[in-house]
Amino acid sequence: MNPEVVRARVSALLFCFFSLSTVTVLADESLTPRQRELVRMVRQDCGSCHGMTLQGGLGPALLPADLKDKPVEGLAATIYQGRPGTAMPPWQRFLNEAEAQWIAERLMTEFPQ
Amino acid sequence: MKRLRSLLCAAAATLLLAACAGQPLRGTGDLGLIIERASGHVRLVNTSSRQPYARIGGLGDLSHASAVYSRDGRYAYIFGRDGGLTKIDLLEAKIVKRVIQSGNAIGGSISQDGRIVVVQNYTPGGIKAFDAETLDLLSEVPAEYAPGKFSKVVGLADSPGNKFAYALFDGGEIRVTDFSDPKAPKTERYPAGSQPYDGLVTPDGRHFLAGLFGEDGVALLDLWQPEKGARKILENYGRGEQKLPVFKMPHLRGWSVAQGKAYLPAIGRHEILVVDVATWKEVGRIPVRGQPVFVMARPDGRQIWVNFAFPDYGMVDVVDTLAGKVVKQLAPGKGILHMEFTPRGENVWLSARDDNKVVIYDTASFAQVGEIAADNPSGIFFTTRAARIGF
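First to last, the sequence lines map onto chains E and X.
Position in the first sequence (first residue = 1) + 6 = the numbering used here.
Position in the second sequence (first residue = 1) + 33 = the numbering used here.
Same shape as in the complex, but just chain E (with noise of 0.2 Å):
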């Protein structure tokens, strides 16, 4: 293979490798302490019904899609106080109407990994 070539790919590869490495590390850091344990619930916990890519198990799916018709305070409500008649509990014990209404605007949007 042409040098030339060889060494325009590897510089190709190494941008795509920083920027990723960048967007990640700042995706993280622009979350407090607090939001971080919330994510890490959302995915492990919820997830064990909803799954933890959240594309739905046997409870919904809560990607940005599934949710884009659903209004936000509706969401935040049914993660507060459950949905009685269904197998969603209420999470109030674990947090409060502010976090519960930032994890529902975060579904709806992009949710943190």
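FYI, nobody ran anything at the bench for these hints, they're computed from the structure.
What follows is a list of derived Cβ distance ranges for each label pair:
#1 X:Gln-275 x E:Asp-75: 24 to 34 Å
#2 X:Ser-398 x E:Asp-75: 54 to 64 Å
#3 E:Asn-102 x X:Gly-273: 24 to 34 Å
#4 X:Asp-164 x E:Asn-102: 47 to 57 Å
#5 X:Lys-314 x E:Glu-103: 39 to 49 Å
#6 E:Arg-40 x X:Met-348: 18 to 28 Å
#7 E:Asp-75 x X:Arg-222: 25 to 35 Å
#8 X:Arg-222 x E:Ser-36: 47 to 57 Å
#9 X:Thr-312 x E:Glu-103: 43 to 53 Å
#10 E:Glu-116 x X:Ala-126: 35 to 45 Å
#11 X:Gly-136 x E:Asp-75: 19 to 29 Å
#12 X:Gly-273 x E:Pro-70: 39 to 49 Å
With a straight-line Cα cutoff of 35 Å, these simulated DSBU-like cross-link-like pairs (lysine-lysine) come out:
#13 X:Lys-314 x X:Lys-261
#14 E:Lys-74 x X:Lys-182
#15 E:Lys-74 x X:Lys-281
#16 X:Lys-281 x E:Lys-76
#17 X:Lys-281 x X:Lys-367
#18 X:Lys-276 x E:Lys-76
#19 X:Lys-276 x X:Lys-294
#20 X:Lys-276 x E:Lys-74
#21 E:Lys-76 x X:Lys-182
Chain E is nowhere near these chain X residues, computed Cβ spacing over 10 Å in every case:
#22 Leu-124
#23 Gly-147
#24 Glu-177
#25 Pro-215
#26 Gln-258
#27 Lys-314
#28 Pro-376
Every residue, glycine too, gets a C-beta built ideally from N, C-alpha and C.
Knowing the structure of chain E, use the given hints to seat chain X on it.
Frame of chain E; chain X shown alone:
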């Protein structure tokens, strides 16, 4: 560049030779695997040495993944949440074949003769049968319970005669599909109750139980006399009391049956329900420290180990079946998601997800006898499952 390439080739050849020459003959009876759910890996382990011996990646989304074994114990079939079905060779420590068979799967089972692997799916709701050798699709049975309405499938378990019993979460039914002719399965339907969340086939293969979430009770179908239909047992065990919130669904499997009794998790109550399997009448309740998730008998049936749903999942209670009560309270780690007994039960392995390790306990002394590092471990599956009905 050229020199580098030849160096790499030489290194690869050396590795290959070492791998071929260094592989002694061995059986599979003391092997198993640990699901590392967040990273899409499985760790292969040896229950005699209590050590891992290989790690395999590229299995996709393994949240809620489970595994069954070929009857020779050599191959594991792993069911991933993303619909992936992966066949792994435990001896060569590699993926043999992988197919994406649905959008959202929840587990699977293998037929009595070992030739058919059946997967249960949430989306699209139904079951699919695959050739255990090639993973070629043989047939599928949609879980249509009303015109155009498809249910999530739960509790799929094999039973004698290449039949599979399962339940429909949305449809409130138990179904039995007969795969004696794998390309032309026959399905029977039995009304079961509100929202079956999981099911089990008893170790003798005779009864299928579906735990109900939407009402207090368990649906029971006698697979020897299915024409009699499903009936309810443990009806109204909650006595109309307010349920406690359930932050994770319990899991049922034939491990619940011990010493002539079934030990079942209550829903919304911090109790184990005890049922006599001759009469199917409730004979006791055992208070425990949380919402039970796995209620697993040691292979000899003397002990029942119980783990719990969030937020109590750092604890494990051990019931002595002779005393009929909890005799040991343990705190083995953070986020205890699953347990598995060694073939004859002298040890139990527990996955501590948030501690990134699997801990191994001696079941007689309750002393910790080992520990294996693992990345967010969830399910642990040993090859002893290969020979058990309903696993």
